[in-house]
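Under numbering that gives the first Met the number 0, the first residue of the sequence shown carries the number 0, and numbering increases by one thereafter.
Keep in mind the hints are simulated off the structure, nothing from the lab. Check each hint, because a few of them may be wrong.
Restraint ranges, calculated between C-beta atoms of paired labels, are given here [stated by the list, open to error]:
| hint | residue 1 | residue 2 | range |
| --- | --- | --- | --- |
| 1 | Thr516 | Ala458 | 21 to 31 Å |
| 2 | Gly340 | Ala484 | 24 to 34 Å |
| 3 | Gly480 | Ala88 | 39 to 49 Å |
| 4 | Ala472 | Asp503 | 30 to 40 Å |
| 5 | Asn496 | Thr203 | 20 to 30 Å |
| 6 | Asp469 | Arg537 | 38 to 48 Å |
| 7 | Lys466 | Thr486 | 10 to 20 Å |
| 8 | Lys390 | Ala352 | 13 to 23 Å |
| 9 | Gly480 | Glu98 | 33 to 43 Å |
Bear in mind that the values here come from a model prediction, so they are computed numbers and not experimental data. For glycine and all other residues, C-beta sits at the position ideal for the given N, C-alpha and C.
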Amino acid sequence: MGAASNFHAMDIPRMGVPDELADRPLAEQHEYLRSKFSRRTMMRGGAVTIGAVAGGVFLPGAASAATPAASFAAAPHTATEHVDGALVAPMGRHLSYGEDPRTEMTVSWQVPVAVKKPFIRIGSHAGDLSRKIPAEIRALYTPAGVGTSADHTQYYVHAKLSHLRPGQTYYYGVGHDGFDPASPRFASTVSTFTTAPSRSERFTFTAFGDQGVSYHALANDSLILAQGPSFHLHAGDIAYADPSGSGQTTDTFDARTWDQFLAQTETVAKSVPWMVSYGNHDMEAWYAPHGYGSQEARFVPPANGPDPKNLPGVYSFVHGNTAVISLDANDVSWEIPANLGLSGGTQTKWFEAQLKKFRAHGSGVDFVVVFFHHCAYCTATSHASEGGVRKEWVPLFEKYTVDLVINGHNHVYERSDVLKGEKVTKELPIGGTAYPETDGVVYVTAGAAGKSLYAFPVADSYEGNEKKVDPFASYVTQADGSKKAVTVDWSRVRYTNYSFLRVDVEPAPVGRTAKLTVRGLAETGEEIDRFVVARKVRR
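Please model the entire structure based on the sequences and the hints provided.
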């Protein structure tokens with residue numbers, strides 16, 4: 000979505016990164032695109048965001064403090080300058096926890112054109128939205144020729160809320176000049192969110208990866224909402240605006256796919272924090288050297304990671320007795336090396352420090368859940384297992400007895416037995432219980448959220464359709480990109496249809512056993528897998 004201009008797609012042909020750059024680091028691909036779409040070339044059309052002219056992606060706060068025209072350079076007149084704000088409805092609302100989920104929440108949304116003075120209203124009930132807080136617009140510009148879309152600007156709006164009360168449900172509405180959710184005319188746009196509790200209590204969260212925009216994606220969203228989750232984890236490959244998945248901008252890239260995705264997801268994400276990690280399809284080379292410039296415009300996850308500027312998808316948060324850590328596997332991926340080594344090792348150092356903190360006596364944390372995109376253990380034929388993840392992070396999962404690892408990348412559901420040192424330490428049948436402190440780690444691939452499905456080299460085996468198979472052949476991607484053949488005896492559950500993960504967290508007093516009950520649920524709502532992760536409470 001964006002303002003009209005006299006810059007036509009015919010001025011510059013559709014263009015992606017040349018084949019010879021496809022396997023080069025993302026920063027080189029970004030530099031190539033920026034040199035092709037120089038300031039002079041873009042200014043020719045007379046509709047460029049300030050951020051694009053300055054060499055950045057967006058200018059936080061610039062549009063929120065000025066008229067719509069101030070978001071453009073060399074644009075004496077645009078179609079949005081005189082738009083009546085009452086005719087522009089906010090869309091694509093999505094939530095994210097702040098660094099402390101008990102007291103902080105970020106509310107984000109989108110508007111189809113530039114608006115004046117965006118804000119959020121919040122209160123304890125629908126009839127009391129008296130507290131009004133200014134919001135920030137981040138304008139994201141994509142010129143004609145970058146992928147398939149025409150010259151356009153997308154407008155993402157964010158309001159960071161703090162000093163909230165733990166375990167409190169709040170009513171909120173978002174608006175701008177001319178559109179006030181406190182008005183009876185727009186009262187139907189008011190929604191709610193609930194902060195994390197101050198003490199441990201039972202709760203549910205859901206997870207998947209690789210959703211995109213589709214009928215199946217929408218169906219999964221509907222089922223997820225019905226689970227009543229406190230939050231949702233999206234393990235990378237979010238919207239698929241970049242179908243290439245290799246960190247390059249190709250002729251098939253279409254930034255407008257994000258508008259469709261946020262509209263599709265709003266039914267859940269407007270009331271349930273939608274916590275993202277980034278996958279290979281989320282690296283969009285045009286916007287920034289690391290590929291995440293566009294994601295910084297769309298999402299505001301907690302900024303407590305090792306390098307929020309270069310690794311915006313790396314963070315942690317604690318909900319009740321459970322710590323959740325989001326990692327960026329693009330930094331360690333041998334299969335798709337566009338961002339390999341991006342952090343220079345700082346991500347892994349930060350990750351270990353987080354694990355030490357959460358496992359320390361008195362932390363109040365029982366369970367540690369880690370989610371990221373590329374699979375540590377999977378046998379689907381398209382990507383299988385990522386050797387970079389196994390080398391960099393699996394030893395830390397085992398050292399600090401991580402309770403559950405959730406991945407996407409492979410568009411299937413697969414769950415391992417309990418593993419340690421790449422060997423099965425305990426078979427974990429459907430309905431079984433794992434004890435991470437003594438047994439090892441359980442890995443779940445939950446990448447069948449909506450995109451086209453992958454396949455396994457052997458038959459499916461899931462609840463109600465269990466099949467015993469002999470050890471079979473798969474592979475692990477190596478540092479040189481080759482595929483090392485391995486024999487697999489750890490694949491316990493395999494399901495090649497649309498699905499997602501539900502996790503029920505049951506705390507317990509000191510000396511008793513706390514539990515995670517993990518369920519794989521099909522798009523039909525049927526249970527395809529169930530197991531328990533148990534840990535004696537010692538805090």
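Evaluate the given range 30 to 40 Å for the C-beta pair formed by Ala472 and Asp503.
-> Once the Cβ atoms are compared, 35 Å apart, the range 30 to 40 Å for Asp503 and Ala472 holds.
Per the hint of 20 to 30 Å, is the separation of the Cβ atoms of Asn496 and Thr203 within bounds?
-> holds (22 Å)
Taking the CB of Gly340 and the CB of Ala484, does the distance hold inside 24 to 34 Å?
-> holds (26 Å)
Does the hinted range 13 to 23 Å hold for Lys390 and Ala352 at CB?
-> For Lys390 and Ala352 the Cβ distance comes to about 19 Å; the hint holds.
Range hint 21 to 31 Å: satisfied by the CB atoms of Thr516 and Ala458?
-> At 26 Å between Cβs, range holds.
Gly480 paired with Glu98, Cβ distance criterion 33 to 43 Å | holds (37 Å)
Using the beta carbons of Lys466 and Thr486, state whether their distance is inside 10 to 20 Å or not.
-> holds (18 Å)
Can the suggested window of 38 to 48 Å be confirmed for the beta-carbon pair Asp469 and Arg537?
-> holds (40 Å)
Do the Cβ positions of Gly480 and Ala88 conform to the proposed distance bound of 39 to 49 Å?
-> holds (47 Å)
In summary, the structure agrees with every hint in the numbered list given earlier.
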